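Asks: Residue numbers are given in the working numbering: position 2 of the sequence shown equals residue 10, and the series is strictly consecutive.
No wet-lab data here; the hints were simulated from the structure. Wrong hints could be hidden among the right ones.
As the list claims (entries may be wrong) - Pairwise CB distance ranges (calculated):
(1) 77 to 55: 28 to 36 Å
(2) 37 to 65: 27 to 35 Å
(3) 29 to 85: 31 to 39 Å
(4) 49 to 69: 17 to 25 Å
(5) 69 to 36: 23 to 31 Å
(6) 29 to 88: 36 to 44 Å
(7) 87 to 35: 21 to 29 Å
(8) 49 to 78: 15 to 23 Å
(9) 76 to 53: 13 to 21 Å
(10) 88 to 42: 36 to 44 Å
(11) 65 to 36: 29 to 37 Å
(12) 57 to 33: 17 to 25 Å
Treat the numbers as computed from the prediction; the structure is a model and nothing was measured. No residue lacks a Cβ here, since even glycine has one placed at the ideal position from N, Cα and C.
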Amino acid sequence: MTRLLAPLTALSLGLAAAAAPAPAQAIDLTQACARFASKLNDAVQSGDSAKAQKVYQVGSQRIASRFNGATCPNVQAPAATPSN
């Protein structure tokens, strides 16, 4: 009976590990800034200035909170469109 339980236990542990979600990969500030710049560029290119402003605001806050107050100096705030 002991011989039968060992393979079953190993099998159940293997299935549990396979079903677990993969851990998130840590990224460094340079990678985070590149992703942020890409998302901001996409928002600017869409022509929706409100969306671009929101992406910049949220992205800046996320970078600062995840990287101890750091900023992405290569990412500039989108130009505000004049309201006529």
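Asks: Determine whether the Cβ-Cβ distance between residue 49 and residue 78 falls within the hinted range of 15 to 23 Å.
Replies: holds, 20 Å
Asks: Has the hinted range 21 to 29 Å been met by the Cβ atoms of residue 87 and residue 35?
Replies: Check passed, 28 Å falls within 21 to 29 Å.
Asks: Could you see if the CB distance from residue 69 to residue 36 stays within 23 to 31 Å?
Replies: violated, 18 Å
Asks: Measuring from beta carbon to beta carbon, are residue 29 and residue 88 in 36 to 44 Å?
Replies: holds, 40 Å
Asks: Do the Cβ positions of residue 76 and residue 53 conform to the proposed distance bound of 13 to 21 Å?
Replies: violated, 31 Å
Asks: Is 17 to 25 Å respected by the C-beta to C-beta distance linking residue 49 and residue 69?
Replies: holds, 18 Å
Asks: Within 28 to 36 Å: is that where the Cβ-Cβ distance between residue 77 and residue 55 falls?
Replies: holds, 32 Å
Asks: For the range 17 to 25 Å, tell me whether the beta carbons of residue 57 and residue 33 fit it or not.
Replies: violated, 33 Å
Asks: I want to verify a distance hint. Is the separation of the beta carbons of residue 65 and residue 36 within 29 to 37 Å?
Replies: With a Cβ separation near 22 Å, residue 65 and residue 36 fall outside 29 to 37 Å, so the hint is violated.
Asks: Indicate whether the distance between the beta carbons of residue 37 and residue 65 respects the range 27 to 35 Å.
Replies: violated, 19 Å
Asks: Could one say that the CB atoms of residue 88 and residue 42 fall in the range 36 to 44 Å?
Replies: Because 24 Å falls outside the window, the suggested range is violated.
Asks: Could you say whether the range 31 to 39 Å given as a hint is met by the Cβ separation of residue 29 and residue 85?
Replies: Holds - the Cβ-Cβ distance for residue 29 and residue 85, about 35 Å, lies within 31 to 39 Å.
Consistency with the previously given hints fails for numbers 2, 5, 9, 10, 11 and 12, ordered from lowest to highest.
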